[in-house]
Amino acid sequence: MAADGGQDLITLTTDKLSADSVSQSVTCPSCGAVSLFIGTTRDNFEGKKVIRLEYEAYSPMAESELRKICCEIRTKWPSVRHINIQHRLGVVPITEASVIIGISSPHRSDSLEAVKYCINTLKATVPIWKKQIYESGEPCWKENKECLWADTGKDPKQS
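Take 2 as the starting number for the sequence shown in the working numbering and just add one per residue.
Since the hints were made in silico from the structure, they are not lab data. Each hint should be verified, as a subset may be incorrect.
Claimed, not checked - For lysine to any residue, the following SDA-like pairs were computed, each having C-alpha atoms within a straight-line distance of at most 20 Å:
1. Lys117 x Trp78
2. Lys49 x Gln133
3. Lys69 x Asn121
4. Lys131 x Ser99
5. Lys50 x Glu136
6. Lys17 x Leu90
7. Lys17 x Thr42
8. Lys69 x Asp9
9. Lys131 x Asp9
10. Lys132 x Gly48
11. Lys131 x Trp78
Said to hold, decoys possible - Here are the simulated distance ranges between beta carbons:
12. Glu73 x Ile52: 34 to 42 Å
13. Lys77 x Ser24: 21 to 29 Å
14. Arg109 x Glu136: 36 to 44 Å
15. Glu57 x Ser31: 36 to 44 Å
16. Trp142 x Arg68: 19 to 27 Å
17. Gly33 x Lys143: 32 to 40 Å
18. Ser110 x Lys17: 29 to 37 Å
Even glycine gets a Cβ: it sits at the ideal position worked out from N, Cα and C.
Input sequences plus hints: build the corresponding full structure.
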């Protein structure tokens, strides 16, 4: 719980994610804005047909990094009321959500800016790894271009 009574909800799960439940969890009477980001599995990457994604995480560190992001959001946008960050682990089929972020605030600009900051920072700092499974059967571990460990030539899971 944040100092102002706002909630920071963080979930890493193998269960299917629900935008409705994230939206409901951050809705409150004092806020006129609920902003959501939903990242879904698409069926292609660089001309290859993707059939599913698989995510792995070092959960204690991932949760710690997500809590840091919540603190940073509250520093940058003090009017933010509730934050809910959910990331799916394991297999995520095409069109299903792998990440949902919901943030509420009295006015839209703060929640919209905070959601954008949240997803960009999550992709750059949180130890969650994605494996794309292609139609050809070949798997490929992908790191986000925003990753702090990107372009080092190392396996992203060995950072």
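Tested hints:
no.: 1; hint: Lys117 x Trp78; in the structure: holds, 12 Å
no.: 2; hint: Lys49 x Gln133; in the structure: holds, 10 Å
no.: 3; hint: Lys69 x Asn121; in the structure: holds, 13 Å
no.: 4; hint: Lys131 x Ser99; in the structure: holds, 10 Å
no.: 5; hint: Lys50 x Glu136; in the structure: holds, 5 Å
no.: 6; hint: Lys17 x Leu90; in the structure: holds, 9 Å
no.: 7; hint: Lys17 x Thr42; in the structure: holds, 12 Å
no.: 8; hint: Lys69 x Asp9; in the structure: holds, 11 Å
no.: 9; hint: Lys131 x Asp9; in the structure: violated, 24 Å
no.: 10; hint: Lys132 x Gly48; in the structure: holds, 16 Å
no.: 11; hint: Lys131 x Trp78; in the structure: violated, 30 Å
no.: 12; hint: Glu73 x Ile52: 34 to 42 Å; in the structure: holds, 36 Å
no.: 13; hint: Lys77 x Ser24: 21 to 29 Å; in the structure: holds, 22 Å
no.: 14; hint: Arg109 x Glu136: 36 to 44 Å; in the structure: holds, 40 Å
no.: 15; hint: Glu57 x Ser31: 36 to 44 Å; in the structure: holds, 38 Å
no.: 16; hint: Trp142 x Arg68: 19 to 27 Å; in the structure: holds, 26 Å
no.: 17; hint: Gly33 x Lys143: 32 to 40 Å; in the structure: holds, 37 Å
no.: 18; hint: Ser110 x Lys17: 29 to 37 Å; in the structure: holds, 31 Å
The earlier numbered hints that this structure contradicts are 9 and 11.
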